[in-house]
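Chain order of the listed sequences is A and E.
Taking the UniProt record's numbering, the leading residue of the first sequence gets 1, the next gets one more, and so forth.
Taking the UniProt record's numbering, the leading residue of the second sequence gets 1, the next gets one more, and so forth.
Careful: at least some of the hints might be erroneous.
Interface residues of chain A toward chain E, partial, derived using beta-carbon atoms under 7 Å [said to hold, decoys possible]:
| hint | residue |
| --- | --- |
| 1 | R15 |
| 2 | R88 |
| 3 | Q95 |
| 4 | Q98 |
| 5 | S319 |
| 6 | R322 |
Going by beta-carbon spacing under 7 Å, a handful of chain E positions derived as facing chain A [stated by the list, open to error]:
| hint | residue |
| --- | --- |
| 7 | P43 |
| 8 | A82 |
| 9 | A169 |
Treat the hints as calculated values from the structure; they're not laboratory data.
The beta carbon of each residue, even a glycine, is placed where N, CA and C say it ideally should be.
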Amino acid sequence: MIELYETQRAMRAMRQAAMQRGVIAILDIGTSKIGCLVLRFDGVPEIPEADGIGSLAGQAGFRVIGAATTKSRGVRFGEIDAMQETERAIRTAVQAAQKMAGLRVDHVIACLSGAEPRSYGLEGRVDVDGAQVSEQDVARVLAACDLPDIGPGREVLHAQPINFALDHRSGLSDPRGQIGQTLATDMHMLTVDGAAVQNLAYCIKRCDLELAGIASAAYVSGTSALVEDEQELGAACIDLGGGTTGVSIFIKKHMIFADTVRMGGDHVTSDISMGLSVPNATAERIKTFYGGVVATGMDDREMIEIGGETGDWERDRRSVSRAELIGIIRPRVEEILEEVRVRLDAAGFDHLPSQQIVLTGGGSQLPGLDGLASRILGHQVRLGRPLRVHGLPQAATGPGFASAVGLCLFAANPQDEWWDFEIPVERYPARSLKRAVKWFKENW
Amino acid sequence: MRPLKFLRRSEGRADPAPSRWAYRVERLWLRPRFRKLVKFGVPIVIVAGTVGGYFANAERREDVSLALSDLRASIEARPEFAVNLMAIDGAAPELAGEIRDVLPLRFPVSSFDLDLEEMRKTVLELDAVAEAALRIRPGGVLALDIRERIPAVVWKHDGRYDLLDESGAFVATLEARGGAAALPLIAGKGAQDVTPEALDLVEAAEPLGARFLGLVRMGERRWDVILDRDQRILLPATSPVRALERAIALSEAQDMLSRDIAGLDLRNPKRPTLRLSHAALAAYHEIRLTGVPTE
């Protein structure tokens, strides 16, 4: 059992130590595949000052030296279902990545795609001590946020201050040193099901690895699939995964909402499997080869051999037209997208200045999906692929690796979370030195 | 529900996942220190342990050292390394015989047993040998190249006559003075240390011809030139050659040395002094008194 909230600070320190030593692994545990990347941090590289090189070039402080993916087992809806199986799959991926890197990794950062995330917006407000905002004021205003009732058995996964306001000025990213009287903050908090986190942590521990960080898959795929302008102006990233579809909304480079629809590509596959009565593996193959969401006249004539593996090769040779296949796939995809639409509406996405929607994840490779998505979600829809990072194999650059690449970015330049700030002096134990210093300052 | 027991065989394809222990071993193997330890440390320990264990037994140690010395002896005894005779070049027959006496070699001998440097030192200890070079020539010949000392002067001292070479080193003792009549004679204590100066003086005294008998070192400080008719030239301690040349020049100009004088004292170069013989002194007084020489 780990106390997630209490260990966040320790995990941050562990991440920094691992980056100092130079090697850290990231583990993307999804419903359909488990990916492991080994990153090597070797200092900040020389970035030539030139036009066209954006600030994202700073992500190149690391290099992927090992990459491996394996078919996921024992994971349903992004949550660990059969721990032994998942553990074996993690071992397979980690061992292959270690072998490619030629290095042993001890620390991993993992992401969690399921576990029913819920977003909360918190607000805090305090009077500034003295004339200028100090670190302690920031700490106090963060501590002043009221924790809503997150429900039993839930854990805080992310808690990021996304805005600071000083008196009447809002939208400050760093209020320290500024003059004002009232400091207010908005914080975005993401809670997940505690048991899912515990299972994940236990599973990683059983693989002799140390968990050095944990992030929401919807969040990290947003960081890798959205370009900087989209993150700044407001956009939603929809990560169509195997068992879940992650939704995250970004504005001003901060995530303000994340949610998960518990449906994904595996449901499409099982629909095909049921509809055509073929095995799951065949259905998966048919989906990836012939799948689509928009039927044309041509598709009526294109027949697909589906071969029922009954052993009766002479009589059991079935075939379906592609239009039929699309007829099976499309309702499920529409259902997923409509569910996403509901979540976006609930989050107030239509109030954002820019309503860019980026589809990523393995499911976004379905042909014609962007057209369907723009009809359901809105007009500005594009297909997103993750950012290019150094050393990533060509096989791992597809949209299915958005959350893996996002985890790399999460490791390289993490967002400040609530536990990364100072602790307010009042919360220190009674005998702490900082408290004594504060008492002296106030009385002399 | 899937079976709780893992059915590896019945599922057809083998599970690609490594077993827990295979995974752990692989991770252990990826530790650089562990890897170095296994690759270098373990072989070193095994080899050292085996060798040490073998030689822990004193009997085995002896066996091995015996076998090694046997092997060495068998190589040394090979005819390729045998030395059969000694060839001495540049030495007179007496000296060669002496060398053979001081080098007690019983041929044939293995060249491994010959310590040439030691033998060379032994040979150099002989007085008559100035330089010696030893080497083993192909064909099993121990070749000695000897340079003898050449006697340059005869040194008379303590009633003996010794032959010295030009550097003053002892060569041999003369049985009789006549044995080396051609060599100049020097005498006096400490004369052997300044033999080169004596040779210079002998060369400078050449105009004196047969009148020159020898040199005597006086008080280990300066030389006296001895001429016949008991005449003696006392040379100064510093630059005696110049003083002698001067005396010879005087003598040639004024026929000085052929007169009846007992000695010429040049010890103070600013004031050369003549010493008359007793007869000459008497004649001198006679002349001063009478104005007429006797006879």
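Handout entry: Minimum beta-carbon distance criterion (7 Å), A/S319 to chain E
Key = violated (26 Å)
Exercise for the section: Classify the hint on A/R322 as holds or violated, based on whether any CB of chain E lies nearer than 7 Å to its CB. Expected result: violated (30 Å)
Handout entry: A/R15 as an interface hint toward chain E, with CB separation required under 7 Å
Key = Constraint on A/R15 not satisfied, violated at 20 Å.
Practice task
Using Cβ atoms only, decide whether A/Q95 comes closer than 7 Å to chain E, and label the hint accordingly.
Solution key: Check passed: Cβ of A/Q95 comes within 5 Å of chain E, closer than 7 Å.
Problem - Evaluation of the interface hint that places E/A82 against chain A, nearest CB under 7 Å - result: Since chain A brings no Cβ nearer than about 62 Å to E/A82, farther than 7 Å, the hint is violated.
Handout entry: Hint check, E/A169 versus chain A [nearest Cβ-Cβ separation less than 7 Å]
Key = violated (77 Å)
Practice task
Using 7 Å as the Cβ threshold, decide whether A/Q98 counts as touching chain E.
Solution key: It holds, given that the least Cβ distance between A/Q98 and chain E is near 6 Å, below 7 Å.
Handout entry: Closest C-beta approach of A/R88 to chain E relative to 7 Å, hint status
Key = holds (4 Å)
Handout entry: Evaluation of the interface hint that places E/P43 against chain A, nearest CB under 7 Å
Key = Constraint on E/P43 not satisfied, violated at 22 Å.
In this structure, the hints that do not hold are numbers 1, 5, 6, 7, 8 and 9, in rising order.
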